[in-house]
Structures are given as C-alpha cells and as structure tokens.
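Starting from the two chains in their separate frames, assemble the complex, guided by the hints.
Those protein sequence lines, which keep their order, are chains A and B. According to the numbering used here, the stretch in the first sequence is residues 1 to 523, in order. According to the numbering used here, the stretch in the second sequence is residues 524 to 675, in order.
For the record, the hints were derived by calculation from the structure and aren't laboratory data. A virtual CB, placed ideally from N, CA and C, is assigned to each residue, including glycine. Check before you lean on any hint, since a few could be wrong.
[To be verified] To give a feel for the contact side, a few chain B residues facing chain A, derived at Cβ under 7 Å:
hint, residue
1, Leu543
2, Gly578
3, Tyr583
4, Glu602
5, Leu646
6, Gly654
[To be verified] SDA-like cross-link-like pairs, simulated, lysine to any residue; straight-line CA separation at most 20 Å:
hint, chain 1, residue 1, chain 2, residue 2
7, A, Lys445, B, Gly578
8, A, Lys285, B, Ala533
9, A, Lys445, B, His577
10, A, Lys285, B, Ala574
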Amino acid sequence: MSAPVTVYVPSDSAARSVGADEVADALASAAARQGRSIRLVRNGSRGLLWLEPLVEVETEDGRIGYGPVAASDVDGLVSGGLFDGAELPQRLGVVDELPWLAAQNRVTFARMGVTDPLSPDDYLRHGGMVGLVRALERSPEDVVAEVTDSGLRGRGGAGFPAGIKWKTVHDCVDALKFVCCNADEGDSGTFADRMLMEGDPFLLIEGMTIAAYAVGATEGYVYIRSEYPEAVATMRAAIEIAYGRGWLGDNVLGSSLNFDLQVRVGGGAYICGEETSMLESLEGKRGMVRAKPPIPAINGLFGKPTVVNNVLTLATVPTVLAHGAQAYQQLGVERSRGTQVFQLGGNIKHGGIVETAFGITLGELVDGYGGGTRSGRPVRAVQVGGPLGAYLPRAKFDLPMDYEAFVAAGAMVGHGGIVVFDETVDMAAQARFAMEFCAAESCGKCTPCRVGAVRGVEVIDRITAGEHRDENLALLEDLCDVMTEGSLCAMGGLTPMPVRSAIEHFPDDFYARHASAKTEGKP
Amino acid sequence: MSMTLVREIAASHRGQRGALLPILHAVQEALGCVPPEAIPVLADELNLSRADVHGVVSFYHDFRSAPAGRTTVRICRGEACQAVGAERLVSQLQDRCGMSLGETSRDGSLTVEQVFCLGNCALGPAAQVNGRLRGRLDEARLSAIVDEAVVQ
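Excised from the complex, chain B in its bound form (with noise of 0.2 Å):
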C-alpha cells in the first residue's frame, strides 16, 4: 500500500531535475519516515542503485527509518544558545524525562532531538515543537511543552 505511494510520489516528480531529495521530503511527509523498504522501490523508479539510494537517505540527518513521537522537540545546540544556557534545557530532558537527544518515548509521544542552529540567534535559547520556532526558552517553558506533549 505505501510502496504505491511510494512509486506514486515518484513518478510526481518525474521530469524535474535532480528530484531525489524532494522526493525523499514528500514521502516522509506522507509516511512519517523513509522506510527501508522504499530504497529498492525508489532505486528502480530513479534508474539508480539500492546503494545510491540508501547513501542519499542516510547522508542528511533529516529522513528517519521510523516515525517520530507526536511531538518533536528539537533543541538548539549552536553557539549563540550555548551562550543563553542550551545545555541546561539538554541536561533538564535529560535528568527530568530521562529522555537523550535522538529518542522518541516508550509512548510515542515525544521525540526530542538536537539541531544546530534555528535562526533565532538572538532570542535563545531556541527550540523547534512540531515544525514551530520558539524562543526566549527557559526550564519551565520547556517543561509546560513536554507536559502537554505527554498529554496529547
């Protein structure tokens, strides 16, 4: 069923150049991840091989071989955060939810990961929750997000 989707979100891109990649988005979006069994289906529909396929996937950080929590929280790591105190919200999901970066919760509700910098340098320490930028971070805001992650 989702390998059609898979051949189906392929042959949509058919034509542009260089499509690899946007295909790559367009079928996390629809399936939550890129799963392993898409890189033989995508290497038969771009001409390419299995390997080629699988070194793309694992090259960039953003495509997952399995779903993430219902919330991610992805936390910035870069200098200008490190300078407003982005390691002590690191160690807080650390210590409070027990939780390390690059880990999705028993649950399924939560995934939190690290993420070199948002551009919001100057409003750190900053964090992404479900595709949406925030700012101006501190351990209790932090905490509300992760708690109404958990309830959801």
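Isolated chain A (complex conformation) (with noise of 0.2 Å):
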C-alpha cells in the first residue's frame, strides 16, 4: 500500500476515560503488525459520547466511524479491513452524514472532533483567525458593535449580553485592563468547555484575543478548574504555540496589539466558577464572592475593568466576527439568539454535545436526541441548566429552549446542561443534595446562603421524617424566599430553584418514608 491512511482516536479525556489511549496504541500495533503505514491523528471528541471511543478512517468518501470500539476490537477490526473503511459491525458510515450530527448546526463546535487540536496549522485550514484579522482590520468600537448586534448572551448561565459588557470595559480609560475567561466549568451535567479547551483549544485564544482588542485589554487569564488536568495542559500548550505564531504577546498578527495570556488553575471550589469569587480567587484569595455594584466590567480583576466571559461565549465571538452578526442573529428565537451547545448526560442513552439554534423543545433534545434513558426505564425528571437548575418533568417536555421560556416556567437554560435521571429517582433526596451542595459549597460570606442551606437540610429531613409535613413545607418555603431574595450571589440565590421545582412538580415524594431513602443524594 503506498500513502498512508489517515485514523483519528480522540485524545478528549471522556474518550480517553473509557480507552481511547488503549485503542490508538491497539490501532498502531496492528498497523505495525500489518506492515500498514497510517497517520494516527488525535482529534478531538465529535460529541457523540455514547459511541466513545470513536475511531474514525479517512476514505475517499469522507471519514468512516466505528465506534464504540474497545482496545480488545482492535485486531479483528483491523484484519477485517478498518484501515480501508470495510463494512464491519460497528461501522457507523460516514460520520459527518450521521443523522445526530447532521442535524445540528455546529456554529461554536464547527471544528470539533475535525482537527488536531494542537496543531495551529489544522486550525487556519478549517476557518481558524479569520475573525481576528476581521476584527483588526476595524476599530474596537465597531467589533463592540459586531458582537451586540449578534445578539451573543453570556453562556455561563446568566445570559447577559456580551456586547454591553464589552462596551462597559471599552469605556473606561483605564491603562491597564483584563480579559478574564471563565472555565472554571463546576455544574455538573456541564461538560461543553471542558471539551472545547481540549479539542479546540486555539479557538478560545482567538476570542479572548478579540475581546482584549475590541476593550483594550493587554493581559488575559483562563481560569480553569483543577479537575480538569488535561484542558489545563491543552491550553497552556496552545498558548505556547500561539506565542510562537505570533498569535499572542507583542504586535499580534503584525497589528499593534499587544496581549498577553496566561492558564490559572482553580482550587476546587465550586463558588470561584461565580464571577467576583473567581476574580477573588485570581488575586490569590479565598473565593468569597463580592457584592455588585460596582461591576467587575468598571472594577474587576485587581480593581480594574475586566471582561468576564465564560469559555463559549468567548469560543463564539470569532464565529461572529468571521461570518458577521447578520449571520449569528438569524438563528434562534425572541430575545435568544444564535445557537446553544447543549449537553445530554446523566441518565442518557444517546448523551453528548448537541449543538442547535435556540428554539428547539427540552422532549426534542431528552427524548429525541438523547434516546431516552440509558437504563431503558422511562425518564422522570430533568435537570436543566445545572445543580441549581430547576427539575423538570415530562409534562414540561414541549418547552421550547429559550432564557425567556425558562424562566417563565420557573427554570433556567443555564449553561446548557441537562441531566436525566429514569423513574428510580428520590426527588425529595435530590431536593436535599441542593440544599446539602450548597452548604458545603457556600463561600459563607451571606447568612442566607451559609445558614440558610444547612437550615434546608434539616426541614426537609424533617418533611421527608414525617413530622409537621405542612408546616415544614410552608417553613421550607419562607426559607425558599430569604435565600432568593437576600443571597449575594446565585449560589444561595438558586438553590431553591431545584428544592422548589423539586416540590411543585413531584409532591408525592415528599411525604414520610423509611429512613434509608435518606442517604441516596447525600454528599
């Protein structure tokens, strides 16, 4: 045989969790064995994380997935003609042909799964910079402009929109200025920035990079959570490279832009993924969260203007700048515009990244991309949005997935995250974990949050005890209310979102039940 064939294994640590490193080093031998030349690329993850780990084989037809397969496949896959994308039994077909996939519009991920993520070349081959040399070849006001038009709201959760925030920073005189990006990714059912850093790595930099130009920042800190060992190493090798290219430091790109970016790694505190606690926590403090005003965009980082962005926001400016504003605000519907990278996990049989404009129902991602539950029992309840994301049942399932909706309905988009859990679930448990995570996980500088969680803990222990249900639930309520009302930040401020939604919409679990229940849910 005489070019060699081209075969990608992610290198994306869901893949590698479940031996994808097994398989690349399965597929080599195999290769070496067969005295077949191959080029063993590992890209990232596609997304479609069921069929993890993903082996995928350039033809001429376009690039043939086989997947799940197991290092044990390897040689039986190989002998059977792998390397020639031979029908086999986990041949899937042409990967980007395959319904799931084909059906999304991959605006943020475009490039996931496609290329090598450290390979700066793959990147400018498939679209890479083109929206950094847009932006610099206008002026910061009219990238500010650009990104407001395009209607981009913050995808951390809160939804604020990122132009405003960038105007709020622009206009400030202030010499020195920071670009702070927000990947300290602690919800769980979120896992879209863990895997844009690792699979896309230069992506981020080149948002970050039009942010600091378009607000006048000159330095940058990804601040990423220490559970995520192999996006911490990923971008900080990006980094390196970008260096290197020029893509970063002094005069980027030849302009007169100067930016300089470094990693930050976080301490396992779920609170610094708030942004003041985080700003906190970059200053080389404990994250406790400040009070607003003023904002962190008029007095963030060290008491300068800061922009504070989550990992997809800044991930989907270069698409904005690239292909114009026109073009992003065309998708999606009323005030949520472009598209939202959702994440299918928990109890799921089809989980991973759905990438979709905004608009389409909760029952179309749970039911239609993810396949139901993995467990095949019927699904019961949903969380949307994160552990403080509200629970949602199946008579909730036509909502359309929209910040506005949510909201209406008592629940949040969040960061995009949906965990589904089958019919075995305990909601009144599920109610105390909230109340529990929140408790361990409160920076204790308002009562409402620190003492109020812990309160929680106990009234709902004493709901599902059976003592004084009404009253306990009325209790449970006016607690619901002070930590709403008067916590400092969402951490205490949402908690009750679950609790709450947990009660209206599964009742029935909360009446007095043997004393093992308990513990399921308890950290």
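Rendered as structure tokens:
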C-alpha cells in the first residue's frame, strides 16, 4: 500500500476515560504488524459520547466512523479491513452524515473532533483566525458593535448580553484592563467548556484576543478548574504555540495589539465559577463573593476594568466576526439568538453535545437526540442548567430552549446542561442534595446562603420523616424566599430553584418514608 | 530542607500577579501537600499575614495538609453521576474497603475522596484515578482499580 491512511482517535478526556488511549496504541501496533502505514491523529471528540472511543478512518467517501471500539476489538477490526473503511459490525458510516450530527447546527463547535487540537495549521485550514483578522481590520468600537448586534449572550448561565459588558469595559479609560475567561465549569451536567478547551483551544485564544482588542485589554487569564488537568495541559500547550506563531504577545498578527495570556488553575471550590469569586481567586485570595455593584466590568480584577466571559461565549466571538453579526443573529428565537451547545448527560442513552439554534424543545433534546434513558426505564425528571437549575417533569417537555421561556416556567437554561433521571429517582433526596451541596460549597460570606442551606437540609429531613409535614413545607417555602431574595450571588439565590421545582412537580416524594431512602444523594 | 524549596517556589513566582494559588499548587506538587510549616514561610515571602495564607489554604478543597495515599480515587457525586448509580459506588467503597470519603488507608496505599463533577457527565459514573479520568464505572471496574492500588 502506498500513502498512509489517516486514522483519528479522540484525545478528549471523556473518550480517554473509556479507553481511547488503549485503542490508539492497539491501532498503531496492529498497523505495524500488518506492515500498513498509518497517520494516527488524536482529534477532539465529535461529541457523540456514547459511541466513544469513536475511531475514524479517512477514505475517498469521507471519514468513516467505527464505535464504540474497545482495545480488544482492534485486531479483529484491522484484519477485517478497518483501514480501508470496510463494512464491519461497528461501522457507523460517514461521520459527517450521521443524522445525529447532520441535524445539528455546529457553529461554536464547528471544528470539534474534526481537527488535531494542537495543530495551528489544521486550525488555519479549517477557518481559524479569520475572525481575529477581520476584527483587527476594524476599530475596537466596531468590533464591540458587531458583538452587540449578534445578540450573543453570556453562555455561562446568566445570559447577559456580551456586547454590553464589552462596551462598559471599552468605555473605561484605565491603561490596564483584563480579559478573564471563566473556565471553572463546576456544574454537574456540563462539559462543553472542557471539550472545547481540549478539542479546539486556539478558538478560545482567538476569542479572548478579539475581546482584548475590542476593550483595550493587555492581559488575560483563563481560570480553569483543577478537576480538568487535560484541559489545563492542552490550553497551556496551545498558548505556547500561539506565542510562537505571533497570535499572542506583542504586535499580534503584526498589528499594534499586545496581549498576554496565561492559564490559572482553581483550587476545587465550586463557588469560584461565580465571577467575582473567580476574580478574588485570581488575585490569590479566598474565593469569597463580592457584592455588586461595583460590577467587574468597571472594577474587576485588581480593581481594573475586566471582561469576564464564559468559555463558550468567548469561543463564539470569532464566528461572529468571521461571518458577521447578521448570520449569527438569524439563528434562534425571541431574545435568545444564535446557537446553544446543549450537553446531554446523566441517565441518557445517547449522551453528548447537541449544538443547535435556540428554540428546540426540551423533549426534542431528551427523547429525540438523547433517545431516552440509558437504563431503559421511563424518564421521570430532567435537571436543566446545572445543580442550581430546576427539575422538570415530562409534562414540561414542550418548553422551548429559550432564556425567557424557561424563566417564565420557573426554570433556567443556564449553561445548557441537561441531566436525565429515570423513574427510580427520589426527588426529595435530590432537593436535599441541592441544599447540602450549597452548604458544602457556599463561600460563607452571606447568611442566607451559609446558614439557610444548612437549615434547608434539616427542614427537608423533617418533612421526609413525617414531622409536621405541612408546617415544615411552609417553613421551607419561607426559607427559599429568604435565600432567593437575600443571597449575594446565584449560589444561595438559585439553590431554591431545584428545591422548589422538585416540590412543585413531584410532591408525592415529599411524604414520610423509611430512613434508608434519605441517604441517597447525600454528600 | 523542604522549606528552602518552598522559598524557591515562591521566588520563582515573583512578579506574577496574585501568585498565591499558583505557588500553593506548585508546593503541593513538589511536597505532596501544603504542610502547616509552609504557611509562615509563604506569609513571609509574600508579605502577607499567616492568617491570610492559612485562610486561602483552608478555603480550597484541593490543598491538603498531609500527603495523600499512593493512589487517589476521586469519585464523582454530581447529579449526572448520581443518575447512573454513583452512590452505589460510594457505598461499595465504604462497605467493601471500609473507607469513608476523604480518608487515606492505614498502609498509605489509597486515598478516596468525593468530587462534584469531573465533566464526564454522559459517560458516568465517573472517577479520577491519580489524575486520570475514568468513565462508565461499575462495581467490578471500581474493585479492580482499588485492588490494583493496594497491590502497588
């Protein structure tokens, strides 16, 4: 055989968690034994996570996928003709044409799984740096206006319009300004930030550089949680490569822009995903939440004007600049413009990344893309938007994924994470867990959160023990009010959301039960 | 000896803004923990009070005052892993190995901890074993990990 065949095995840590490294090694040895020359590329993950490890082979017809592949399958697959795209039991067909993927609208995740994450040439070949080049041709004001016009809202959960935040920072006159990327993706059920940093790190660098140019910042930090060692390593490697290419540092791409970027690693504190707590942590302090105002855009890191955006927000900016605000703005519904990178997790058959325009219904995501539960039992509840998001029953499956529609239903889209539970879930235990999690992770600065969460656990315990059920439910409702209205940040302010939604939609679970049930979900 | 190392680590971060967290991570990587005697040293190096440094060290779950076991297993107890039986794995650890979360075995072979979300929510239950992510765990796979750790 002549030219080496290109074989892709993801280096994403989710794929590696189920054996991708072993598969890659087995493929290399099998090729060597056959005297077959292969080019093994460790790509990002396509986000069809239930098919991981997903091996792809480059053929004339396109990239043919096989999955899930175990290391022990490799010899059989290779002798059966895997390197020629042969028809084999695990053959999925051309990956780009798989309905699950083809039906999506990959905008932010366009390159995900397609390229070698640390190849700057691959990045350029697949449309990378176009956004930054376009941005540098225009004035910073124009760039801010483009982002504002795109309707892009913060993807970290709060959904604040990115352009408005940028304009505030731009309008500050300080010589020193910062761009901080919040990559402290601590919400259970969210993993898109991790995948993006591991699978397309130059995109985040490009987005942050555009932000720096637009607002006049010279220094940037990516604050990554310590639970993501692979993302830390990949981002650091990518930043070093970017410096080498002149994509960072002095005179970025030959322009007058100077921008220095570095990675900072968190310390295992969930609260540091809250922006002001993250800033405190970046300053080398305890991650205690700050009162707002002043807002970080004016008084942020070290008291300087600071853009704080989530990974996906910053990673969407290059697309907006490359293709124009109009193109991005045309996607979506109402005030939720563009696409959201939904993450399907928990007890789900087809878990992974679904990037699609806002407006898709919850049911289309869970039953359609997700295919129901992994256990095969009926879906009972889904939690949308992380540990502080609402638990919703099947009756809410017609809700469109739209920031405002979710708020109206007492829920939130948040970061787009969707966690599925089957009928075995005990919703009182989940409500208790929400309170206990808040008690464990509260920074302790404000009383409603610090003390309220502890009291919340106690009250739920009394309810499920059958002690004065009605009175204690009323007390819990009061407590939720105090936490919602009186907490400094979203940690205490939103913990009542999963609790109240569990009571509202699953009241039958809040009756006295045997003591054993209470231990479920207890941290 | 090790305090000289702590001073060197602090010195190598001089000039970095808000360097305490990177320094603490570097100290823990070098020494396996942030020993209590490092706190006054760091306070001195950074011109902070001992209370300030102690406050930071104790705020973050990552920093430990004594080294972990040779193998560290961190089991995810986030909602997504709960939905696929993470709690069964936790009770298995407790019942079978007699270890509670946050504990290091007496022979120093194994530390088990809880963690809330490792970003492997579609392939749970998940755990991190010596920094490496593992997915689709069940009782048998967890037992194998623990047995391997004890043998080492």
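Non-conforming hints, listed in increasing numerical order: none
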